[in-house]
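J.: Chains as they are written, first to last, in the numbering used here: chain A, 154 to 469; chain B, 154 to 469; chain C, 154 to 469; chain D, 154 to 469.
Pairs of lysine to aspartate or glutamate residues, derived as EDC-like cross-links and limited to a Cα-Cα distance of at most 16 Å, are as follows:
id : chain 1 : residue 1 : chain 2 : residue 2
1  : C       : 311       : C       : 432
2  : C       : 341       : C       : 383
3  : D       : 294       : C       : 433
4  : D       : 194       : C       : 182
5  : C       : 294       : C       : 456
6  : A       : 294       : B       : 433
7  : C       : 194       : D       : 182
8  : C       : 311       : C       : 327
9  : C       : 311       : C       : 440
10 : C       : 294       : D       : 433
11 : A       : 194       : B       : 182
12 : A       : 194       : B       : 183
13 : A       : 159       : A       : 377
It is worth saying that the hints were derived from the structure and are not from the lab. These numbers were taken from a predicted model, which means no experiment stands behind them.
There are 4 protein chains.
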Amino acid sequence: MERLQKDAPSNWSKWGEEDQVGALNYLSEESVLTGLKAVSKGRTFTLQIPMTSGSGPVFPGRIPTQHFMAQDASVYSAGKAEALAGGVKFSDDAAFMYLQGTTHVDSLAHAWYGDQVYGGKSDQTTVHGHSHADVAALGEKGIVGRAVLLDVGRYQNKNAPYRLAPDTCISLRDLQDTAKAQKVKINKSDILVIRTGSIARFWEEEPDAEWDANTEPGLCYSTELVNWVDQMEIPMIAADNLAIEKVVQEIDGETVIIPLHGAFIRDLGVVLSEIYWLDDLAADSAEDGKYDFLLVAAPLKMEGGTGAPVNPVAIK
Amino acid sequence: MERLQKDAPSNWSKWGEEDQVGALNYLSEESVLTGLKAVSKGRTFTLQIPMTSGSGPVFPGRIPTQHFMAQDASVYSAGKAEALAGGVKFSDDAAFMYLQGTTHVDSLAHAWYGDQVYGGKSDQTTVHGHSHADVAALGEKGIVGRAVLLDVGRYQNKNAPYRLAPDTCISLRDLQDTAKAQKVKINKSDILVIRTGSIARFWEEEPDAEWDANTEPGLCYSTELVNWVDQMEIPMIAADNLAIEKVVQEIDGETVIIPLHGAFIRDLGVVLSEIYWLDDLAADSAEDGKYDFLLVAAPLKMEGGTGAPVNPVAIK
Amino acid sequence: MERLQKDAPSNWSKWGEEDQVGALNYLSEESVLTGLKAVSKGRTFTLQIPMTSGSGPVFPGRIPTQHFMAQDASVYSAGKAEALAGGVKFSDDAAFMYLQGTTHVDSLAHAWYGDQVYGGKSDQTTVHGHSHADVAALGEKGIVGRAVLLDVGRYQNKNAPYRLAPDTCISLRDLQDTAKAQKVKINKSDILVIRTGSIARFWEEEPDAEWDANTEPGLCYSTELVNWVDQMEIPMIAADNLAIEKVVQEIDGETVIIPLHGAFIRDLGVVLSEIYWLDDLAADSAEDGKYDFLLVAAPLKMEGGTGAPVNPVAIK
Amino acid sequence: MERLQKDAPSNWSKWGEEDQVGALNYLSEESVLTGLKAVSKGRTFTLQIPMTSGSGPVFPGRIPTQHFMAQDASVYSAGKAEALAGGVKFSDDAAFMYLQGTTHVDSLAHAWYGDQVYGGKSDQTTVHGHSHADVAALGEKGIVGRAVLLDVGRYQNKNAPYRLAPDTCISLRDLQDTAKAQKVKINKSDILVIRTGSIARFWEEEPDAEWDANTEPGLCYSTELVNWVDQMEIPMIAADNLAIEKVVQEIDGETVIIPLHGAFIRDLGVVLSEIYWLDDLAADSAEDGKYDFLLVAAPLKMEGGTGAPVNPVAIK
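Take the sequences, apply the hints, and build the full model.
T.: In C-alpha cells form, the structure reads like this:
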C-alpha cells in the first residue's frame, strides 16, 4: 500500500490533528439543506438488511447476530413472573453481535496500513477499543446529506434481478457512465450509494451457506478513482456488498486485499458504509427516474468501536 | 389496567388485522414533507446517549453493553497476524447488549396487559422472538416526521441544568403549558420529544452506581392525556428517561407500574422511544427559540426483537 | 414416544417428588469407593474436547464458543493501562457460548415428550430457566464413580483410527460384545462411556464445515437397551458424539428423532453426557487392556441451565 | 515486583522451555495415588459457587454470567415449534460470561510483571488469546492430587459462621498453625485449599451490591511464604475469595496490589484457583476431623484463555 499510495492524496492535516470524522467534515449545514432539496415525494426507504438471529451474510471469522428473549409472555403463562402492579407485562431481549455483522458504518481507524491510522495516529490507538477515531465520533456527528444512488447492477445488467456478476470490478468510469445513464449529476460533497445487487443473492441462493465475500462485485482500486473521490470531496461511500470494494484485486500483477480501505479510510478519511439493502430503493428509482435523495444514517455511538450497526434512511 | 382502560381509545382494528406499526401509520409521505418544512438552518443533533462498554443507565435486570475488540493493531505488533496481501490491516469488534440498554425504540408488543398485545394478538406471539409486532417492523417502516421538543425540564426549572426533580409527574397540562411557553404549536401527527433533564443526571452524579429508574420524572397516566394523544394522532413519544412515563404511579390510590405502556403501546399502537440525549438540542432550542424539527429515527431491524437501539437524528 | 415408552420403565417416583438428579442417586458413597478401586496406575485423562473460539462441532442452530480478551498485555504496551501498584499486570477474558456447545452434561429436563419432564413436572418448568431439574442440581451432586469404556469403534473396526462408519446403530448386543471382547465386566451402577470414534472426525476431515450431527454413529433405541440400562441402574451414559444416540432412527418403520433422550432422560432420569474426547483414553486402554476407571465429572452449576460444560477426568 | 522478587525462587527453566503447566508438573501419577489414599468414606463435595444469571461476586469490570434459554417448552406451547419426529422436545441455552466470573483456574500467563510471563515468554503472547500458557493447557493436564483444607476462618474465629474479618492478612505461620490445630500434615506436592469464609458473605449480606474484592481476607506476601510454597512443591493454591491473596497489601510501607500473583503464577508457575465454595466441606471436616482429601479439578479447555470456570470435586 505504501508504494501504491505514494503520490496519492491524503487528508491527514486538513481538519486538525484531533479530527476523527474525516470527510464527514464536508457535510456542513449547507450540505444538509442541499440534501433536503433532493426530496420531492416524501417517500422513505430504510436501507438496513434484516437482522435475523443466527443467519446473515458475514465475513468469515464473524458470526451472525444471536438474539435471545430475556423475558416474554411465557414467564407469565408458566407462572414464573407476575404482572407488574396494575397489570402491565413486558418482554425484554438481548443480543450478541459482531458490530459489522449487519449494515454498518466503519470508523476511520477500522483499516490502515503501515503503523498509522487515519490522521497519522499510531495504530496502537486501536488496541482494546479505539481511543482515536472510534465509530462513536461518526455516530455523534451523524451523516446527513444529498446522496446519489448509482445502480451499476441495473445499468450493466438489463435483466432482473439486475445484478453484477460475481468478481465484477466497478471502475470510476462505470460510476460515471451509470450516473450519465441515470441522468443524475454527482455534485461535490454528495454521498455515493452504489448498488451491485450482490447482497440480495445471499437470501435467494443459499441462505444457510457461508457467504463468499471474496467474489462479491465491488469497486476496484485505481488512481483515478481515488483522486476523483478526493476532488469531489465525497464524505461517504455506501454499497450493497460486504466491503464496498472487491475484496481481492489484482493491481500491477499483484494480489492486493481491500486496497481502497487503505486509500479511502486511512488516507482520505472517507467513510465506508457496507451491507446496504438497496433493491427496493433501486426499483423505485428505476420507475420514477429519480436517483438523488436525502440520506440520514447515524451509526450507534459505540465508544471505542471500530464499526457500528446503522439503519440508514433514504428520503426521496 | 383492564379497568383503567375500559373506556379508553383503542386502535386495534384501525389499520388492518396484521398491522405491526400502529400509530406510525400516521406518518405518511405528506408527514415527511411536513417534517422537512420544519428545517431551517440544516443543523443536526444525534440523540443517542453514549454507549460506553460496561457503564450506562439501565433498568435493573439488564446490564450495560459489553464491548470487545475481536482484532486490533496488537495482533500485528505481537506478531500474531500478518497484514493482508498488499499491506492493509484492520480491527474488528463485537458486543453483548441488552437491546433496550441504550437509546432505543420499543416494539408494539413490548408491553401489554391481559393476554393480548397490540392488535389483539395473543401475548404468546412474544415467546422466544416476537412473531407479531417485532421491532424489525418499525425499523423497516422508519420514523420520519415533524417533531416537537417539549422541554418541560427547562420550563419548570429556570436554573441550570434545567431539570425536573426526581419523582415529578408530567401531565397533559404541563406539556401544553410548555408548548405555549415555547411558542410552538403541536400539530396532528407530530412526534413528541419530551425533555425532563433526567438522563444527564446519570453521568454527573454517580456514574458507577445503579441507576434508580423508579424515581425518574416522567409522564403520568390520565384519561385526558391518553385521549389527547389519540386525538392528536401522535405516532411516537420520545423522552430522556428510561420509561417515558414515571415508572411508579398512584392512580385512584392504587400503585400502578408503567400504565402508559399499556395505554399507548398496547391499546393505541403509539410507539415509545426512550433514553434520549436531549441536552444539546434543548440548549440550542433555548437559544434560537425554535422547537420543531425533522426527526429521523430508524431502529435496527432485529427480527423478533422487542426493542432495538437507535441513534435518532434531529434536523433543525 | 408415548406409544413407544408405554410399557417402559420409569423412575419418576423412585427418589421422591422433588428429586432432580435421577439415576445419579445410584452414585452412593459406596459407589465412589468402588470407583476408586478401579484406579491402579494413577494415570489421568481429561475428556473434554478443545474449546476453540469460533470453531467446533455443534448442532445446527448453535454456534461455537466465541472467546474475547477483555484485557491483555497490549493495553500496557499501547499505553492504555498502567500496571497495578507494585507492578503486577494481568489479562482477562470473556466468552459467549452455547452451554451444550462443547463437552457437557444434559440436565434431566433437557429433553422430554408430552408435556411432562423428568419426575412428572410440567414442561413449563423449563421456561426461561429450569425451575426443576436444572443442570446446577447435577453440578451440585457431582458425578463420581466407576466407569467402563466401551470402545465399540475399535471393537468393530480393527483399522486405525478405529471408528464406526457414519449412520452405524449401536445395539445393546454391541455394547455387551464389546465389553466381552475387552474382558471388562459392567457392574450395577457403573457409568458407561461409549467410544464411537466419531468426534475426532470433525478435526480431521473438515474443520470449518458444519458438522453433520445427523449421520453420527450412536446408540439406537430398543426395548432391551432401555430395560437393561434401567436394571443395571446405570447413572450416566457418555459418548464421543453429539447425542449419545443416533440422531435419526427408524423404529417400526417410523422415523424418530433422539428417542433415547425421551427414554433415558425423561423416563429413567439417566444422565446423558456428550461430545467426549476418548481417543487418548481408548488408545491407552487398548495398550494396557484396562477398561474401567474412576470418572469424576462435575458440570458447571448454571442455575436454571438445561446443560453445562464439563471437563471430565478419567483416572486409571 | 522486580525488587521484591529479586532473590526469590523461579521455576522458569525447571520443566523445559515450552512448559505451560508449571507446578502442576509436581502432580505425577504417584501424586494421584497419594491423593486416592486420602479418601476414606467416599463422600464428595463440589466446590463451585452457584452460577446465578445476573448475580454473583465478581471483580469490578466484570459482570456476572448472563444466561438465556435459546429454546424451552414455551416454543411448543406457543405453537412456535413442533416436537421432533416421534415426539421428543428439548430446551437449549446459552450464556455470556467472564471466564473468571465464577469458581475458576487462572492460567500461568494470567498475571505477570515486567514484560515476561511464566516461563520467560514475552507478555505479548497474551495478546488476543494466550499463545503460551493458556488455561487449556491446565485443562488438558487436569488437577488431581491430595489436597489439604486449611480452615483459617474456623481456626481464628470460633464463632459461626467462622469467618476471618475483612482485611485480615493470612501468613505462612497462620497456615502452619491452622494445620497443626487441625492435626493434618502438609506434605510435599499437596494442593492447598484455604478457607477464609469470605465468599459466603456475598450471599448473606448484600446479594445485589457490588462485591468489595479489595477488603477480602487472604494470603499476604512474605518471603517466607513464597519460599515455603516453592520448597514444598505446592502445585496449586485454592481459596474461597476472589484473589487467594489480600488484594491490597502493604509491603515495606508501600502499597502493592496482588503481589503473590507475580510470585506464584509468574515466577513459580504455581496455579491459583479462586472463588471456591468451602463451607460445606469445612463443616464436614470440623465434624469428622479429617482435613485431607482427593481433589479433582479440571478447568474448561478454553484455548487461548487466561482463565476458565471449574467445578472442583473434593472426595473424602
